[in-house]
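2 protein chains.
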Amino acid sequence: MLDKYFDVIVNVSLFYGIERTGIANMLNCLKPRVGIYKKGDYIVTSGQTYENVGVVLKGTATVSKESISGNRIVMTLLKERDIFGEIVAFSSMATWPATVQAQEACEILFLPRSKIVGDCDKMCSWHRIFIQNFLRVISERAIVLNKKVEYLTIKSIRGKICSFLLDHYNKSGSKEIELALNRNELADFLNVSRPSMSREMSKMKEEGVIDFHLSTFRIIDLQALKAMSEL
Amino acid sequence: MLDKYFDVIVNVSLFYGIERTGIANMLNCLKPRVGIYKKGDYIVTSGQTYENVGVVLKGTATVSKESISGNRIVMTLLKERDIFGEIVAFSSMATWPATVQAQEACEILFLPRSKIVGDCDKMCSWHRIFIQNFLRVISERAIVLNKKVEYLTIKSIRGKICSFLLDHYNKSGSKEIELALNRNELADFLNVSRPSMSREMSKMKEEGVIDFHLSTFRIIDLQALKAMSEL
DNA sequence: CCTATTCTGTATCTCCAGATACCGATTTTG
DNA sequence: CAAAATCGGTATCTGGAGATACAGAATAGG
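Protein chains in written order, with the numbering used here: chain A, 576 to 806; chain B, 576 to 806.
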């Protein structure tokens, strides 16, 4: 029944490192449900009883949260192979904290939370890997959030830019940085306004700390960059 | 050998819901190590190879991070029964991202990461609970971080205060709120300066939206509070 | 119970960053 | 290839929040 989705499922991070036959056995034991949605359909709604971890098999969906005053804010965009609800699964929350809605026609795999840790008696070897994967996915989500908190905590725009560039430098080891984000997205990520960010970047270029053209950045004065990274 | 710590261990969140005998068996299988530290000793240092999840059995310790420019910033204070390193355990990180140092004489339990998911063949029932606990602890850490990101993303001080109070209201259901934080801690948490926060709170009091005296707050105009919660 | 210390509210001054508008550069698309 | 749409840099103006200083309230400690 899940055969047609197999090529997608095999590449879902929760199943990394498990062979096709293992996954097949596992799905047998997890007894997942597949939901099919039309564009605009609600996949889960905020406040609804939480029961399953979701996996997008096909299509795209938005994760949104109703703010206190009533406006909906889109928080994430989900695409094929993305997971949602994985953090709620094992917390003590009983309901969905956000709404997931089909942005285009969607097919979703639901893995029952109760089955994941396994009442599968023999706790087969692939099940162990599955749980490790689960732990890894959640942990990495936490690490990303932690990093985000670090950026947001920096007060000045300059400090944010410097930290951002330094992190890239530390990861790649190269003073030449190619960003995947455009200015709007970067400004959004750092939680500042685009013109203010541009202004600050231009100043830094003038001062000879960095150079850039469109999405290509180059660190010129590494020392200065470090010194300014936490103003 | 671990007998003297048992009353502490029983109350560690990772072991919730497991009977004493279960915990004893489990510790047998996890083969943990206990480390004893004097005040000021380094328990783990940033960059060191990651191997164990830590549990504070006795004493207090600080978690600190070296910023890029070299100053150390204390991020958390650990006390008896607190866990550290639980998020790194299952990520793909190979080294400690922060330093943990004994603030007073400390005794620490180290649970080897490799044993946690269990090469314990029969995956005993308490082991399953242990892993569920682990998942819960990490998930809840992620949820807290997520909440923190929400607060930090709000631009205005007023918005932050409103959201903060509303969250408390939603949790307790009461318009009378007793805070555990003092002004400095609250300002720190919201990442604003204390005088600026006080100024804003006073304005809101004047406007008849809230009332407060020291750590006792009262919501007067709930509608107004909601309306302002995301300026 | 009185002193010392910490905590909280308030005023002033300065300035950083947001909002807005606009233009040129770049990319997309028909 | 031309027209349209998106994207990026810059200028101006303004407001909100930070820094600092200080005084009164609350709490702790002897």
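To be clear, the hints were calculated from the coordinates, so they are not data collected in a lab. It cannot be assumed that every hint is accurate.
To be verified - Chain A stretches covered by chain B per the calculated footprint, using a threshold of three residues with CB under 8 Å from any CB of chain B:
hint, region
1, 653–665
2, 703–715
3, 724–734
Every value quoted in this text rests on a predicted model; they were computed, and no experiment measured them. Backbone N, C-alpha and C define an ideal beta-carbon position, used for all residues, glycine too.
Okay, which hints does this one fail, numbers in order? Hints that this structure does not satisfy do not exist here, as all of them hold.
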